[in-house]
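S.K.: Each chain, letter by letter, is given below.
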Amino acid sequence: MAIPLIYNVRSLRARWTSTVVAVLGIAGTVGVFVAMLSLARGFEATLVASGSARNAIVRRAGATSELDSGVTLDQVRVIEDAPGVERAEAGPLASPEVVVVAAFPLKGRDTEGNAQVRGVSPKALAVRPSAQIVSGRLFQPGMTELVVGRNAAEAYDGIALGKSVRLGGATWTVVGVFDMGGTAFDSELWCDANVLKQVFQRPPNLFQSATVRLTSPEALTAFKDALTADPRLTVQVDREVDYYAKQSRQLTTLITVLGTIVALVMGIGAVFGALNTMYSAVTERAREIATMRALGFGSGSVVMSFVVEALCIAFVGGVLGGVVVLPLNGLTTGTINWQTFSHLAFAFRVTPLLLVWGLAFALLMGLAGGVPPAIRAARARIAVALREL
Amino acid sequence: MVRIDGRGDANSLIRARGLSKTYQRGSEAIHVLQGLNLDVDAGDFVAFMGPSGSGKTTLLNLLGGLDVPSAGSVTVAGDEITRMSARKLTAWRARHVGFVFQMYNLIPVLTAFQNIELPLLLTGLSKAERSRHVETALAVVGLADRMHHYPRQLSGGQEQRVGIARAIVADPTFLLCDEPTGDLDRKSADEILDLLERLVGEHGKTALMVTHDPLAAERARVVLHLEKGVLVDTVTAGRAR
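Those sequence lines, one after another, are chains A and B.
Under the numbering used here, residues 170 to 558 are what the first sequence spells out, in order.
Under the numbering used here, residues 12 to 252 are what the second sequence spells out, in order.
Hints are not guaranteed to be accurate.
What the hints assert, rightly or not - Heads up, incomplete: computed chain B residues facing chain A, CB under 10 Å, no partners named:
| hint | residue |
| --- | --- |
| 1 | 104 |
| 2 | 120 |
| 3 | 189 |
Bear in mind the hints are in silico, worked out from the structure with no lab data behind them.
Don't be surprised by glycine CBs; every beta carbon is placed ideally from N, CA and C.
Let's have the full structure, built from the sequences with the hints guiding it.
M.R.: Quick look at the structure:
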């Protein structure tokens with residue numbers, strides 16, 4: 170028969186100072202753990218959400234990102250005619266694009282951030298239907314006009330509707346703001362690809378990638394097979410969502426590994442905190458434990474009782490840690506996307522799964538901090554412990 | 012009937028034979044009990060007296076299955092407890108022994124009711140049955156109106172009465188009382204001794220008590236003296252007879 174739980178709960182309350190210290194140690198660790206992972210999840214989610222399952226991105230074979238890729242105008246024509254490409258009144262839905270990275274002053278900071286400027290086709294909004302112009306209008310082809318992502322407008326100084334911006338030796342006017350649901354594109358500035366190439370003196374017939382809208386997600390296979398089998402092309406074709414997922418992997422892995430290391434180091438400290446609390450509980454309550462055992466409660470009951478007590482501390486710490494980081498959910502922050510060398514705004518994502526992981530981590534710490542003292546409690550000689558003051 | 016000569020018959024409730032306990036302190040062996048014999052019948056009230064270090068508490072611990080002897084055996088109601096495994100001994104204690112401690116040993120975070128209920132949690136009784144037993148035990152010790160008090164809200168005498176209620180609530184085979192009045196004033200001590208006398212006289216309990224207090228020992232039916240690890244004589248106390 171188990172020692173009643175009320176005994177543990179009231180004992181924790183009676184020794185509330187050391188209980189609070191142990192709870193805070195575990196809560197802090199869980200908070201950092203969940204916050205770091207939510208950062209990684211947010212970054213990953215932002216990039217993954219940037220891609221569409223119905224879009225395909227075509228780059229030079231072997232290119233690791235758009236920056237080191239090249240697709241000629243002739244190749245773009247072949248890509249547009251490939252099977253599986255959605256067609257509209259304006260023709261095949263394909264957007265040959267160029268990207269440059271430009272520095273702009275960040276708002277509220279005495280520094281600059283790199284923004285990705287994307288030269289796109291006027292059909293870009295049809296290729297990416299989730300992009301909505303929320304104020305102003307789309308750029309006019311042939312004009313030095315910019316439409317900027319909502320996060321870019323918020324992150325950079327002077328990039329606002331109606332403002333003029335110096336870029337590549339030309340003066341550009343911001344004519345619109347678009348929203349793509351908090352994806353990586355929201356940190357970009359879009360303009361006419363041909364104008365961008367001229368301003369930056371890029372070869373007129375060379376783009377860096379071509380993004381096409383497929384007739385369906387399943388059309389990718391036929392599209393990809395046609396392009397890779399075509400002797401005129403040396404390109405690689407990825408589903409857009411996979412391309413962005415791949416882009417996120419490096420930084421996501423880095424944040425996850427760093428977060429886990431930091432949480433583990435903190436976790437060791439928290440386990441020592443729990444161990445200290447539980448060892449002192451066992452020492453202070455040596456006579457109570459001996460009395461219970463004299464009354465007929467077995468060693469197993471004593472071990473279980475103290476482990477449960479440690480788990481109670483851990484549970485409260487885990488919940489508290491999760492609650493403390495909940496307000497981070499949705500909070501926007503930014504970092505450099507090392508694949509594009511540009512600033513990327515993204516939001517923390519405190520998911521239910523992360524909270525469950527945090528709680529599991531807390532319980533693991535509780536277990537590690539509770540088992541050794543519990544075993545000591547159960548092993549003490551009753552006759553000796555009964556004489557403890 | 013209490014005997015210390017090892018000639019008691021098999022009907023004795025508690026039978027110790029050749030009981031020895033030796034502690035090792037460094038290279039020195041300390042012989043606390045040395046080949047002690049004891050027979051106690053059901054319904055007896057026995058007091059053990061003797062100077063500090065004479066082995067009184069050690070004897071009580073051995074009889075209660077809290078410690079194991081270096082040699083010899085203890086048999087209670089036909090069960091030789093000195094041959095039991097630790098797990099079996101734990102279950103045996105729960106069923107057969109009611110402990111009363113000098114410092115009461117109540118769990119401070121539990122109410123009087125919850126403290127008394129503890130031994131019953133090891134039985135198969137329902138919650139309602141447990142409540143009934145606890146209320147009966149509280150009534151026997153005269154603390155029915157204090158059941159929801161915590162130990163810190165009780166006087167020393169009241170705490171010890173709760174301790175006695177906890178000891179008797181599961182109707183054990185015998186009571187082991189280690190200096191039950193050692194931490195009480197005279198008046199409270201007398202009340203506790205009255206209660207123990209009543210438990211033996213009216214409720215037919217068997218009680219073994221260690222005490223330094225001659226007045227407490229006088230309440231027992233038999234007083235045994237321990238000296239250097241052996242029981243040296245049997246005195247029938249006057250007042251209890």
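S.K.: If a hint holds in the structure, say so; if it doesn't, say that too.
M.R.: To see whether the hints hold, each was checked on the structure:
For residue 104/B, the suggested interface contact is upheld, since its CB lies about 5 Å from the closest CB of chain A, less than 10 Å. For residue 120/B, the interface hint holds, since its Cβ comes within 10 Å of a Cβ in chain A; the closest pair sits about 4 Å apart. Given the 10 Å rule on beta carbons, the hint for residue 189/B holds: about 8 Å separates it from the nearest Cβ of chain A.
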